[in-house]
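Read in order, the letters of the sequence shown correspond to residues 1107 to 1586 in my numbering.
There are no misleading hints in this set.
DSS-like, lysine-lysine: derived pairs with alpha carbons at most 30 Å apart:
id, residue 1, residue 2
1, K1454, K1504
2, K1454, K1402
3, K1236, K1290
4, K1236, K1260
Beta-carbon label-pair distances, calculated as ranges:
id, residue 1, residue 2, range
5, S1406, R1234, 34 to 40 Å
6, G1200, E1432, 43 to 49 Å
7, R1516, K1454, 21 to 27 Å
Treat the hints as calculated values from the structure; they're not laboratory data. Each residue gets a CB set at the ideal place from its N, CA and C atoms; glycine is no exception.
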Amino acid sequence: MNRSSGVLLHPTSLPGRYGIGELGAEAVRFADWLAAAGQRIWQVLPLGPTGYGESPYQLFSAFAGNPLLLSLDRLVERGWLAEADLRDAPEFSGDVVEFERVMPWKHAVLRRAFEGFQPDAEFAEFCRDKGWWLDDFARFMGLKDANGGVEWSKWDPRVSASAEDIAYHRFLQFEFFRQWRALKNYCAGLGIRMMGDIPIYMAHDSAEVWAHPELFRLDAVAGVPPDYFSATGQLWGNPLYRWDRLAADGYRWWIARMRAALELFDMVRMDHFRGFEAFWEVPASDSTAVNGRWVKGPGSELFRALEAALGRLPVVAENLGVITPEVEAIREEFGLPGMAVLQFAFGKDPQAPGFRPHNYVRNLVAYTGTHDNDTVMGWWHSAGGDSTRTPQDVEVEKARARSYLGTDGREMHWVMIRALLASVADTVLFPMQDVLGIASEGRMNTPSVASGNWRWRMRGTALNEEAAARLREWVEVYER
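Turn these sequences into a full structure, and let the hints guide you.
In structure tokens form, the structure reads like this:
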């Protein structure tokens, strides 16, 4: 990799009048701001249609896009909506995504757009090209609609999906891929690469588990053991893979998944990379992750199959948490950069020294924090009990950070951003909340907390020239 830097901002967090960020004018405006700031990477979270808790890591599909991200103004431009269709838009919050209000309103508007849509040759070609996953997904969503939105295991077998509902979900995917492609091409013209994120596991309530249950274990679920975020571990609840079945046909499903991701993105982060070496298996009936056990995964064999089919992988390995030499051996065998989080550099964890910039290597992606962390300013002003740290732990951590970074603690977000930019790591990324110096109200996700996550939105006035100028100066100073 060449030295570069970028910003993590999920599209749902973009400003706009329709309650949730979209792939339209505000996304273009943000790309322009990134270019003005000298940033060369825009990282997003998984883009799929969200299910439980609106988490982008609990998706209805490994391949589909989230229709809530569709730009309604672009649909007006296409002639599928009239301006009048949007005049009655409710007054939505500009600070958070009110999913419970946004979803029913926006889907009603999208239904109107579908009524104005006339299938053409481009649509037919899309349906043929994506049919290998789109057919299952559209039928899955049609059946979900017909069953009142409940999980597939609770569907009434006497209920069928209407042809109109199935066509509606094909239409949404057609337009999602068109809008995303336009945004990605625009960013490419600015010299900005799009970085995506592949969740390792599928949600139980997904088209893949519904259509291909033979590939998944439904008697055990995924999670991680007790860690920084939770004393009882994290119980994700996703079904585990039947790796023997996947291996038997040469990992075709995973090859298809990676190929699809690399059509959407220039590079991807593989979430929970350590789960490919060994994963934390928890009985499906347990209520916490404490009683899990480590089980061996496919290891290097999977990545050899991926490379044989797709060539060298532009993948970032999320190697945070309980990382063993065996995990690192797989990452190093394929030359994949790992991750470092500067917020973790000053605590009592034995791994903390590895997160300090003087210990970085070039083949690394370093963050001030990820979507799972508090913002830098939220972390800096936190107290004991905000994680598994005690009040004494917090004070020791802050003293060590002040000493290491040579700061009195003012503008801590800029201090930490600059420390990363100056480091030897080839790639450094920071959440937009850290660029803006936002406190804990900007936190995107609190692991092991089931509700209230994924809601933060950036105000339209937040993109300021001062922050862009500071970043541009620093990327020039540090040759990024």
